[in-house]
Amino acid sequence: RKEVEQDPGPFNVPEGATVAFNCTYSNSASQSFFWYRQDCRKEPKLLMSVYSSGNEDGRFTAQLNRASQYISLLIRDSKLSDSATYLCVVNIFTGGGNKLTFGTGTQLKVEL
Amino acid sequence: EPEVTQTPSHQVTQMGQEVILRCVPISNHLYFYWYRQILGQKVEFLVSFYNNEISEKSEIFDDQFSVERPDGSNFTLKIRSTKLEDSAMYFCASSSREFEQFFGPGTRLTVL
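Just so you know, the protein sequences line up as chains A and B, in that order. When we follow our numbering, the leftmost residue of the first sequence carries the number 1, and every step to the right adds one. When we follow our numbering, the leftmost residue of the second sequence carries the number 1001, and every step to the right adds one.
It should be emphasised that the hints constitute simulated quantities derived from the structure, not laboratory data. Only true hints are included.
Taking lysine-lysine pairs in the BS3-like style, the calculated list, with each CA pair at most 30 Å apart, reads:
{"hint": "1", "chain 1": "B", "residue 1": "K1042", "chain 2": "A", "residue 2": "K2"}
{"hint": "2", "chain 1": "A", "residue 1": "K99", "chain 2": "B", "residue 2": "K1078"}
{"hint": "3", "chain 1": "B", "residue 1": "K1042", "chain 2": "A", "residue 2": "K45"}
Now the stretches of chain A that chain B is said to cover, found in silico as 3 or more residues with beta-carbon under 8 Å:
{"hint": "4", "stretch": "39-50"}
{"hint": "5", "stretch": "82-93"}
{"hint": "6", "stretch": "103-109"}
Since the model is a prediction, treat every value here as computed from it, not as a measurement. Ideal placement from N, C-alpha and C gives every residue a C-beta, glycine not left out.
Chain A with its partners taken away, still in its complex shape:
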């Protein structure tokens, strides 16, 4: 089983649509969770951290279910500029630092 598993997509959606991405992780020792965004040939950029209580940042809502080891990201009113690959990332603190484990990413294409 992959450490972090995501549907690779692509998700092709019209502008203004709501789109949801899901992710599962296998290591129950994972301590913190993130969504990163990666544009083609660019670095991953932190989109938001994910908490069990759920958190929202503008049009983006993230949710964590530790029991099911499941993470989600919801994008409302999608914009053309949201087109990117969304990376589900889990973190294990190793004492001397944090080791991020990345999913392969879900590609989103927002179209006119």
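Assemble chain B onto chain A, guided by the hints.
Chain B in isolation, oriented as in the chain A frame:
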């Protein structure tokens, strides 16, 4: 907004040559990391560095790899004898105690 910087943006080298990739982490961060991403694949953890020593390394980070913080600002990754399969984007990242890692723009390494 403070950011991680990396040089060079693109490095071309012959197989068997040594390369040094350079990074300047965010100034008040304490934890430093290297990741790599082979074209079309996921981002993979290489090494974490804290308090002037390696805190964790992956299976990829073998004896051909080394890291150093030669002064108060730079963080380097050295590959002693490059192989074709070392061709990838190499990302430096840094974090404070809050665990969120911020990535530099990457160095594209091409081994011929």
